[in-house]
Structures are given as structure tokens and as C-alpha cells.
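Asks: If you want the building blocks of each chain, they are given just below.
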Amino acid sequence: MLEVNLARRTPAIRPAAVASAGPIRIAPETGEGRLSFRAKAKALGGREDVAGFAVDGAINSRKSDGDTASLRLGPDEWLFICPEGDIDDAMSAIERAMDGAAHSLVDVSHRDVTFTVSGQNADAVINAGCPLDLSLDRFPVGTASRTVFGKSDIVLARVGHHDFRVTTWRSFAPYVHGLLLDAAKDYAG
Amino acid sequence: MLLIRCPYCGERPEVEFHCGGEAHIARPDTPAEMTDADWASFLYYRTNPKGLHAERWVHNHGCGRWFNALRDTVTDAFVQTYEMGAPRPDAGNASSTATKAA
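Heads up: the sequence lines are chains A and B, in that order. Start counting the first sequence at 1; every next residue gets the next number (the working numbering). Start counting the second sequence at 1; every next residue gets the next number (the working numbering).
It should be emphasised that the hints constitute simulated quantities derived from the structure, not laboratory data. Just so we're clear, the structure is a prediction, and the values are computed from it rather than from any experiment. Be aware that one or more of the hints could be misleading.
Stated by the list, open to error - Subject to a maximum C-alpha distance of 25 Å in a straight line, what follows is the list of computed SDA-like cross-link-like pairs (lysine to any residue): (1) A:Lys40 x B:Met84; (2) A:Lys42 x B:Gly10; (3) A:Lys63 x B:Gly64; (4) A:Lys151 x B:Asn60; (5) A:Lys151 x B:Gly85; (6) A:Lys40 x B:Arg56; (7) A:Lys42 x B:Val58; (8) A:Lys40 x B:Pro87; (9) A:Lys42 x B:Gly64; (10) A:Lys40 x B:Pro7; (11) A:Lys151 x B:Pro87; (12) A:Lys42 x B:Ala86; (13) A:Lys40 x A:Leu105; (14) A:Lys40 x B:Leu2; (15) A:Lys40 x B:Gly85; (16) A:Lys40 x B:Gly10; (17) A:Lys42 x B:Met84; (18) A:Lys151 x B:Ala86; (19) A:Lys40 x B:Gly64; (20) A:Lys151 x B:Trp66; (21) A:Lys151 x B:Tyr8; (22) A:Lys40 x B:Tyr82; (23) A:Lys151 x B:Gly20; (24) A:Lys63 x B:Tyr8; (25) A:Lys40 x B:Ala86; (26) A:Lys151 x B:Met84; (27) A:Lys63 x B:Arg65; (28) A:Lys40 x B:Val58; (29) A:Lys42 x B:Leu2; (30) A:Lys42 x B:Pro13; (31) A:Lys151 x B:Thr35; (32) A:Lys151 x B:Glu11; (33) A:Lys42 x B:Asn60.
Please put together the full structure from these sequences, using the hints given.
Replies: Structure below.
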């Protein structure tokens with residue numbers, strides 16, 4: 001049988017899970033699979049989801065369902081998240097669901113590293129490098145957007161009042177991790 | 001910080017954007033039939049107005065989309081932003097969507 005995935009996957013860079021000294025938890029997520037999905041409205045034909053991933057959310061929103069999530073980053077761009085082991089199945093299912101309609105689907109699991117930033121003042125820690133207004137009325141739970149953090153491009157998602165996910169390219173990860181830890185020192189002890 | 005209204009994402013900080021020069025400059029259909037002077041005019045000559053200026057901007061640290069903006073080059077105020085392909089709006093009735101420096 002034809003081997004579908006010829007590329008040998010090496011483990012993604014996973015910075016040491018250094019816990020900050022204070023009440024804010026900053027830790028790399030492990031075992032998370034990510035898919036970059038792009039399709040025009042015409043190709044989607046008004047459907048609400050593609051193989052279980054929601055595509056009907058507003059721009060800059062995050063919809064989650066169990067251990068999967070769908071982040072709408074632009075008019076025709078989504079970031080789908082599922083367990084790393086389910087990636088190949090999810091890709092096949094999305095290909096089947098799109099049924100030949102024009103779209104782009106790329107496995108970016110190993111391109112990105114995601115950090116959990118949670119705890120009281122997590123928003124202030126992110127604001128150390130991010131210019132967005134992270135007050136609850138402007139950036140409510142369920143918001144997700146690409147933005148900047150210091151000198152790095154990130155995807156920021158708010159999954160709870162004091163619970164954020166910061167996704168960045170793996171080569172930027174040590175920088176983002178370091179800046180987050182440095183910002184969290186203000187709230188240590 | 002200056003806020004810019006992205007037509008797709010709403011008001012966002014200036015550092016997420018990048019300017020792409022003057023808008024509404026159509027590439028000639030038949031460059032081979034143009035004179036050198038006309039081609040140079042298309043390539044290099046811009047209006048550089050004092051006042052309202054239609055520009056291309058890209059929300060590259062956001063949705064990644066290009067859009068057009070009507071900006072006052074004297075005050076740096078963004079009067080209006082609008083999607084690519086839309087005609088240049090009449091600035092007179094655009095004040096309702098004005099974005100000011102905060």
C-alpha cells in the first residue's frame with residue numbers, strides 16, 4: 001500500500017516546561033496538532049463545519065468542541081486544532097468533506113509551538129509585548145487573533161477569563177517563552 | 001497609539017499594519033505599446049498630496065488581508081478604510097467611520 005505520509009516527523013521543539021515563580025503558569029502545550037485551512041466562502045458553500053471543525057464563526061473567534069478547536073484568523077483562513085495523533089485522520093476527513101472544492105490544507109503541527117499562559121494577571125503578562133486591548137469587553141473569552149508579541153508574530157486565543165493560548169513559530173518560541181517569563185516576574189511572589 | 005480600522009478585524013493597533021503605497025493605480029493592459037515616458041509615469045510618479053490620500057495597507061500581523069485607506073497626510077488621521085476593489089469613497093460622508101489617534 002502507498003505510504004501516505006513520507007515525511008519523517010521529528011519531535012517539535014519543546015522548550016523546557018519552566019514554571020514561573022509567581023502565580024502565572026507559562027508552559028508549552030504538548031501533543032497538540034494544528035492544521036492551517038484556507039477556503040473562500042464560495043468553496044465552503046455556506047456550510048457550518050468541515051469534518052467537525054466549525055467554519056461559521058466570526059472573524060477572530062475561537063470555537064471549541066471537546067478536544068478540537070477552530071480559530072478563524074481571517075475572512076478565508078482558519079487554524080484547526082486537534083490531538084496530534086488525530087492529524088492524519090482529520091486531514092483525510094477534511095479532504096473528503098470538501099469534495100474537490102478549492103481549498104488549502106496544511107499540517108502545521110510542527111511549525112508552531114503553543115504556550116499556555118494562565119492565572120491572575122495573565123492578560124497583563126501578555127500585554128507586556130502585545131498592544132491589543134485585552135479587557136473582557138474588547139477581547140472576550142472565545143476570541144482568537146493573529147497579533148504581535150514583542151518582535152514576534154503570534155496567534156493569541158482567550159479560552160478563559162485568565163487563560164490564554166499563545167501560538168508562535170518554533171524558531172520564535174525561545175524568544176516568546178523568555179519574554180513571557182520575564183514579564184511574569186512582575187507578579188512573582 | 002494610532003488605531004487603524006481593518007475592514008475585517010475592526011480597530012487594531014498600528015504596529016500590526018504595513019503601508020503599501022498609493023492605491024487605485026491600475027497596471028496598463030498593454031505595456032509594450034506604451035512610450036517610455038508613460039511607463040515611467042506609471043512606475044514612479046505618485047500624487048503625494050497634502051491632505052486626503054488613498055493608500056493600500058495590509059494587516060499583516062492580523063488577518064493578512066490588503067485593504068485601502070483614506071488617510072489625511074497632514075493630521076495622520078485615518079478617515080475611512082474600505083475593501084480592495086471598492087471605489088475611492090467620497091470623503092465628505094465618511095466621518096461616521098473616522099478613526100482618531102487614541
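Asks: Taking each numbered hint in turn, which are not upheld by the structure, reported in ascending numerical order?
Replies: 5, 11, 14, 18, 26, 29, 30 and 31
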